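Q: What follows is each chain in one-letter form.
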Amino acid sequence: MTSTTPARTEQSYEYSEFMARAYAIELEAAERYAQFAEQMDEHNNRAVAALFRKLSGFEALHAQRILQEMAWPSVPALTPAYAWESAEAPETAPFDSLHYLMQPWHALEIALRCELQAQKYFESIAAGDAPPSVRQAARELAQEEAEHAALIREWMSKVPQPAEGWDEDPDPPRMSE
Amino acid sequence: MNAPMTAAALAAKDFKSDYKPVWCPGCGDYSVLSAITKALATLGLRPENVAVVSGIGCSSRIPAYTTCYGFHGVHGRALPAATGLKAARPDLTVLVASGDGDGYSIGGNHFLHACRRNVDLTYIVMDNHVYGMTKGQPSPTTEPDWSSKLAPGGTGLREFHPLVIALASGANYIARGFSGDPNGCAALIAEAVRHPGFSFVEILSPCVTFRPEQREWKQAVRPSPVEPTEDPARAARRLMTDDGFNIGVLFKGIRPAFSGAAAQATHAVADLEAGFSL
Numbered sequence: 000m001t002s003t004t005p006a007r008t009e010q011s012y013e014y015s016e017f018m019a020r021a022y023a024i025e026l027e028a029a030e031r032y033a034q035f036a037e038q039m040d041e042h043n044n045r046a047v048a049a050l051f052r053k054l055s056g057f058e059a060l061h062a063q064r065i066l067q068e069m070a071w072p073s074v075p076a077l078t079p080a081y082a083w084e085s086a087e088a089p090e091t092a093p094f095d096s097l098h099y100l101m102q103p104w105h106a107l108e109i110a111l112r113c114e115l116q117a118q119k120y121f122e123s124i125a126a127g128d129a130p131p132s133v134r135q136a137a138r139e140l141a142q143e144e145a146e147h148a149a150l151i152r153e154w155m156s157k158v159p160q161p162a163e164g165w166d167e168d169p170d171p172p173r174m175s176e
Numbered sequence: 000m001n002a003p004m005t006a007a008a009l010a011a012k013d014f015k016s017d018y019k020p021v022w023c024p025g026c027g028d029y030s031v032l033s034a035i036t037k038a039l040a041t042l043g044l045r046p047e048n049v050a051v052v053s054g055i056g057c058s059s060r061i062p063a064y065t066t067c068y069g070f071h072g073v074h075g076r077a078l079p080a081a082t083g084l085k086a087a088r089p090d091l092t093v094l095v096a097s098g099d100g101d102g103y104s105i106g107g108n109h110f111l112h113a114c115r116r117n118v119d120l121t122y123i124v125m126d127n128h129v130y131g132m133t134k135g136q137p138s139p140t141t142e143p144d145w146s147s148k149l150a151p152g153g154t155g156l157r158e159f160h161p162l163v164i165a166l167a168s169g170a171n172y173i174a175r176g177f178s179g180d181p182n183g184c185a186a187l188i189a190e191a192v193r194h195p196g197f198s199f200v201e202i203l204s205p206c207v208t209f210r211p212e213q214r215e216w217k218q219a220v221r222p223s224p225v226e227p228t229e230d231p232a233r234a235a236r237r238l239m240t241d242d243g244f245n246i247g248v249l250f251k252g253i254r255p256a257f258s259g260a261a262a263q264a265t266h267a268v269a270d271l272e273a274g275f276s277l
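Chains A and B, in that order, are what the protein sequence lines are. Position 2 (the first sequence) corresponds to 1 in numbering that gives the first Met the number 0; numbering is contiguous. Position 227 (the second sequence) corresponds to 226 in numbering that gives the first Met the number 0; numbering is contiguous.
Just so you know, these hints were derived from the structure itself, not from any lab. Careful, some of the hints might be misleading.
With a straight-line cut-off of 27 Å between C-alpha atoms, the simulated DSSO-like cross-links for lysine-lysine are [claimed, not checked]:
#1 B/K148 x A/K53
#2 A/K119 x B/K19
#3 B/K15 x A/K53
Heads up, incomplete: computed chain A residues facing chain B, CB under 8 Å, no partners named [as the list claims (entries may be wrong)]:
#4 E13
#5 E37
#6 E84
Here the structure is a predicted model, which means the values were calculated and not measured. Every residue, glycine too, gets a C-beta built ideally from N, C-alpha and C.
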C-alpha cells in the first residue's frame, strides 16, 4: 500500500475497521511462519527454517507498513465487519501443513496458497458493498497479494521440485503400520 | 482467577519461554501453547502470578515452554498437584495441562474428583485419541475400530466421553476447542480462567504422526449450534447428540468454587515438618 487517496485520509470508521483486518492478516501470517521456522529449526531442517523465517519477515514488513499508514494510537480490536469465513485469517498457513522432511518447494507451495487465499479475500471485499475507500484499499491489497503470488511462483521455478518419496525416512519416528 | 496486575500489559510472546517445543512439526499442541499464551495476555495476567501444572506426555511439556511457574509432575497426577497448589496459594491462577492418556486413563480417577471438588482450576486436555509420546498406543478416547500394529483390528472398546464425565462429576465450566483455531481456543481458555470453580477445556489436537487422518478434523469441527447453559440436565441432553466435533462452551455452572482448605489449616508448616522423620 503505497498511495493514500483523499477518501482514505479521512480515516473513516469503516476504513479503520477494514485496515485492522488487513493488519491482523499480515501479523498472523508473520507469526505462523515464525512458528514454522522454529519447528523446522528444532528438527534440523535448516533450509526450510530459513525460508519460513524470510517469509515471516516479509509479512511482518507488510504489517508494519499498515501500522505506519494508519498511525493508530493503538491497534483497534477486530469488529465483526469484514470477517473471514475460516477460523484463521486467510493468509495464515494451516498449523498442520508441515512435515519434518519437507523441502523449500513445499514451503513455497504453502506460501502460494496463503497469498492466493488473501487475494481472494480482498477481492471479495472489493467486489462487495463496502464504502468506496474500503473497496479501493481492498483492490490495492488484492493486487499486492497477486504480485506476491507471482513472485512466489517465480521462486518455486528456481528451487528443485521434490522427488518422489521425499518423505521416506529409513529410520522413521513412527512404527510401520 | 486472581486479580490482574496493574503494570504494563504483556503480550502473548511474554508468556513464551526460550525453550523451543520439540513436538512433531504440524502437531496441534503448538496451537494450544499459542492459545494459552494469548489467553494469559488477554487476561492481563503476569507470569509470576500463574502456574502451569502437567503430568506426562507430549501435551505435558507445556509448562517448560511458558514463562509462568511450572510443575511437570507424575503421570496422571497433574490434578492433585494443581489442587494442592491452588489450596495453598489461592492467589495464583493455576492452569493444568494434560492429554487423553495422562488425563483420562492414568489420571482418570483424579479427573472425576477434581470435577467433584470444584477447586478453581482450568484443566486443558489436548485430546488426539492416541498415546503419541510412546509411539501410538490406543488411548481411552481412541475409536474402537482404529486399527494399528499395536492394536490390530482395533481395541473394540467403547470410547471415553470426557465432556459427559466432566458434567456428571460436577465440573463448573465445560468447553471444547480445536487446535486449528488458536484464537478460538484462546477465548475459551480465557473464559475458563475467569469462570469460578473447576473449568474443563477439551481441545481436539491432531497427532500428525500417529493419526495423520486427524488432519480431516478441520472439516469435521463446527461451532456449537446452541448457547451455553447453566442447567446440567439441559447440557446432558445436548451431549446425547454430540458427535465430538461441536466447538464452543457447553456448560457454565453456578456452583461456588471450593475455597475452604486454606482457612481450615490449623498447623504451621514447621509443625508439619517436625512430624516427618527420615
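Q: Indicate, hint by hint, whether the structure satisfies it.
A: Structure-based check of each hint:
1. B/K148 x A/K53: violated (40 Å)
2. A/K119 x B/K19: Measuring from Cα to Cα gives roughly 34 Å; hence the hint is violated.
3. B/K15 x A/K53: holds (21 Å)
4. E13: violated (23 Å)
5. E37: holds (5 Å)
6. E84: For A/E84, the interface hint is violated, since the closest Cβ of chain B sits about 12 Å away, which is over 8 Å.
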